[in-house]
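Here are the chains, one letter per residue:
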Amino acid sequence: MGSVPSRPFTFKPADRGALLRYRVLAYTTAVLLIVLVFVGVPLQVWDDDLWVVRVVGTMHGYLYIVYLVVAFEFTRRLRVPLGWMVLVLLAGTVPFCAIVAERLLTRRFDRMTGGAGDPALAPAVER
Amino acid sequence: MTDTASPSARSRWLTRRAVLAHVALLVWIPGCAVAAWWQVGVALGGDSLGWVYSVMWPCFAVFGAIFWWFLVHDDPDTVGARGLRRQRATVTPETGDDVGPAGTSSPDDSERLARAEEEDPELAAYNAYLSALAGQEKGWRRRP
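Line by line, the protein sequences give chains A and B. In this text, residue positions in the first sequence follow this note's numbering: the first is 1, and each later residue adds one. In this text, residue positions in the second sequence follow this note's numbering: the first is 1, and each later residue adds one.
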């Protein structure tokens, strides 16, 4: 491992702003996806009504891209291990999973930073 | 100085992690292209939702490329949970001076770092090495 020289790398702190951005996007995509799957799809199947699927599907589709960017940045700042980072990113496509991910990440944020500030200064050591 | 910086740069692109990332990207980009093309067909077939996904798949491809770039260039010793542990171990000296509740204050990092360096010559050498690397930033950016 020592063969690869370290590149000096500074992290922006995982501040409240980053947390807020992530939470807003997580909840928005989660709610849209739940509406899409549990309202839109049944309407499409049983009532041949495509209106909800078209509108909500479009909104979720574009917002998920924003979610990807925001969640990627936030998980990096929070030093989330790589595998978990991928799961958090994918969570935006599975109903309810984005909410679970949001709870876990918010708890991690509180644990690491004591509520605000830079995790580099946090007392606990994370795995 | 075109190729002298290459030992470190080359190994960066050839670690196991980096090679896995290259392979993943080589699968991911064509996969996204195929999926996007398929959705264009769906959209032309009359389903307007297809337009959304034919925009999204290229976005996913770009995102995969960004992810790959970070994977290759992040040093696992400075990034992520391990990097955090390392940073804490080096920046916070074990001299009992409390950093205080996180977030309430930001003690001068450079000052604490200097104090830690005094106690640990190995750390001082490591940091000197890091700043030397920082000086070569341009060379680092060039592909081998």
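If you're looking for bench data, these hints aren't it; they were derived computationally from the structure. Mixed in with the good hints, there may be bad ones.
Said to hold, decoys possible - In silico negatives: residues of chain A with every beta carbon more than 12 Å from chain B:
{"hint": "1", "residue": "43"}
{"hint": "2", "residue": "50"}
{"hint": "3", "residue": "69"}
{"hint": "4", "residue": "72"}
As the list claims (entries may be wrong) - Estimated spans, in silico, between C-beta atoms of each pair:
{"hint": "5", "chain 1": "A", "residue 1": "15", "chain 2": "B", "residue 2": "23", "range": "43 to 49 Å"}
{"hint": "6", "chain 1": "A", "residue 1": "86", "chain 2": "B", "residue 2": "30", "range": "37 to 43 Å"}
{"hint": "7", "chain 1": "A", "residue 1": "110", "chain 2": "B", "residue 2": "70", "range": "22 to 28 Å"}
{"hint": "8", "chain 1": "A", "residue 1": "49", "chain 2": "B", "residue 2": "24", "range": "14 to 20 Å"}
{"hint": "9", "chain 1": "B", "residue 1": "86", "chain 2": "A", "residue 2": "86", "range": "34 to 40 Å"}
What the hints assert, rightly or not - Listed below are several chain A residues computed to face chain B (Cβ distance under 7 Å; list not exhaustive):
{"hint": "10", "residue": "12"}
{"hint": "11", "residue": "65"}
{"hint": "12", "residue": "68"}
{"hint": "13", "residue": "83"}
Ideal placement from N, C-alpha and C gives every residue a C-beta, glycine not left out.
* Violated hints - listed by number, lowest first -> 2, 3, 4, 5, 6, 8, 9, 10, 13
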